[in-house]
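Here the protein sequences come in this chain order: A and B. Per this note's numbering, numbering of the first sequence is gapless, rising by one per residue and ending at 297. Per this note's numbering, numbering of the second sequence is gapless, rising by one per residue and ending at 660.
Just so you know, these hints were derived from the structure itself, not from any lab. Since the structure is predicted, the reported quantities are computational estimates derived from the model, not experimental observations. One or more hints might be untrue.
Cut-off 25 Å, straight-line C-alpha distance, at most; resulting in silico cross-link-like pairs (SDA-like, lysine to any residue) [claimed, not checked]: (1) Lys284/A with Arg430/B; (2) Lys284/A with Ile431/B; (3) Lys292/A with Asp514/B; (4) Lys623/B with Gln121/A; (5) Lys315/B with Leu500/B; (6) Lys623/B with Val80/A; (7) Lys284/A with Met422/B; (8) Lys113/A with Trp609/B; (9) Lys292/A with Val521/B; (10) Lys32/A with Ile431/B; (11) Lys113/A with Leu487/B; (12) Lys292/A with Ser518/B; (13) Lys113/A with Glu595/B; (14) Lys623/B with Trp54/A; (15) Lys284/A with Met426/B; (16) Lys32/A with Gly433/B; (17) Lys113/A with Glu558/B; (18) Lys623/B with Ile603/B; (19) Lys113/A with Phe589/B; (20) Lys113/A with Ala600/B; (21) Lys284/A with Tyr516/B; (22) Lys188/A with Pro639/B; (23) Lys292/A with Ile604/B; (24) Lys32/A with Pro124/A; (25) Lys113/A with Ile604/B; (26) Lys623/B with Val84/A.
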Amino acid sequence: MNWDLLGQLLMNGLIIGALYGVVAMCFVLIYKSTQIVNFAQGEFLLIGAWVCWWFLTTWELPFVVGFLFTLAFMTVFGIVLQTVVLRPMIGEPIISVIMVTIGLSLFFQAGMKWIFGVNVQPFPKVFETETVEIFGMMIQTAYIMSLGISLFIMIGFAWFFKSSKHGLAMRATAFDQQVAQSLGISVKNVFAMAWAISAVVSAVAGVVIGIVNGVSDTLAFIGIKVFPAVILGGLDSIIGAIVGGVIIGLLENFAEYADGQWFQVGNMYTIAPFYVLVIILMIKPYGLFGTKDIERV
Amino acid sequence: MAGYNMMRCGEFRTTYEKDTTIFPTPMSKKFAILGVLLCVIAPLQIGEFSFVSDTLLTLMIQIGYLSIGALGLNILVGFTGQISLGHAAFFGFGAFASAWMNNDFSIPVFFSIPLAGVLTMAVGMIFGMPAARIKGLYLAIATLASQFILEDFFARADWFTGGAAGALANPFEIFGFAISGDRSYYYVVLVYMIAMYILAANLMRSRDGRAFIAVRDHYLSAEVMGINLTWYRVLSFGISSFYAGIAGALFAHYLQYVSVESFNLLLSIQFIGMIIIGGLGSVMGSLMGTVFMVLLPEIMQEAASIITSTSWGNIPAITEGINFMKEMVIGAAIVLFLIFEPDGLAHRWRMIKAYWKLYPFSY
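Go ahead and model the full structure; you've got the sequences and the hints to work with.
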């Protein structure tokens, strides 16, 4: 047993898992409030990271300014996307809605490749020191920042849904759209807000991962990795998304460790979460915290 | 979902046979036969003269095997209402299975193609098992997982696929006569295509086909009427994989080389695009959608080559980005069709026919 390596990998798993949790939370937010399964979640990360990269390199803005511009851009992007593409799909069968988001994901992924190329582009240096030592493990500063940002976003979400007016409106809409509408909540605005928040928060995650690994179209794969996390946690549970994200993050790193130490089959890091996904769907389709969908005739 | 027909005024279907017939009017039958005849004579070469160029013939063969795969997906998605995001993986499984049986067990290609279909059907039914318990969105995610799991299997199973090196497939041969060259192989694909389309059209008239449609339209009512939901969902996965397997095997023996990377998520999405653009729940729509999906990138390529030949159009954004533009257009086509024409080209075609039937007096 190689304890140092295991510890390092589990630490990575925790940090990456927290980011998965954040992206999964955005996914759940959209699913809960608008009943749309967003297969283009990964593209939000991709677009956010590329736009931020573009602000920082081409325009040479300082990180904070560029980052804020990115967030503003993503807000507009989320609202426009919801209004133009997703609003006509209200009331359509679930197959159509799923396929619209798949079409969008293909469109944006290819578009980003077209505009920014297929090569990995490093982010400009954001921090002075590259790594910090904690408990005898070398950890990148960006990872610490990412963990901090993830925690901050999670607390922010909790506050937003528990105590703000808009959060309450969103919860009401998620509970029952017609009742919410009859109480004077603008369901249209709630939908647009859900997409905007989801796009912004995903972009934050995208930028954080971009700082650590560089920006490339592999970022969009996070959007697919999110599925095991949300299914594990339960599709309509925000807490479940965070727990699921962390578990999947830990699991894939542990799978890689176990593979490297004992099995030697390779590629476990990518594929293990999908095996878990199938197993969960077979034995507990509504996940750990999801609401059971009971049908009565 | 398209599941209805617009009937011409004065056209009465007084018996059950007339209602379920494939060709509602004698004219439609004549047109279908004419279409098949045109396909048969298309690749003929008389001396130097030929009806279609080699490039066009390649595209026609592509349309042939891809439309078989699309038809399979349409049976699953359009007729049974299940979602599959892993169709490319089954297509790939068929390709590898046929090459594997031919190489390792020396089964002639003539038999290995249908056998590959049967083998893929078995695999599809195993991966369709989750469909017995889950539906809708959960099923979409489960099939997404099966896409990645099968892709990983292809990369890993050296004995089956040849691993990273890929597999070599022998050319098609029938009782010792090797069929080589596009112009002969075209007929193999054409025969398979016509057979599979007739099979699907007849399947939808049978008890099983009606059961599929009932499961799609209202699965609770279907169950109340005595349709075994679990069996029909799994069977639908099986039939769709059978089609995918046949299509994959035809693809393998056409290219004579199968690489591990060709069956990715993008191909699955393209299959979905074909049936959405063609029309969910329409047999001929699968073919129309495939034609659209195959020709669209080619037309874009042509357009790009015209634009780049001008002085202002010869910029890297077009010359180097054309592949990404093709992908973007496929994505955009899926989105636009779902927003503006959710019933697809098949529906549009019916509208055009209805318009011209009464032209110029539309009432």
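Any hints from earlier that this structure breaks? Give me their numbers in increasing order, please.
11, 23 and 24
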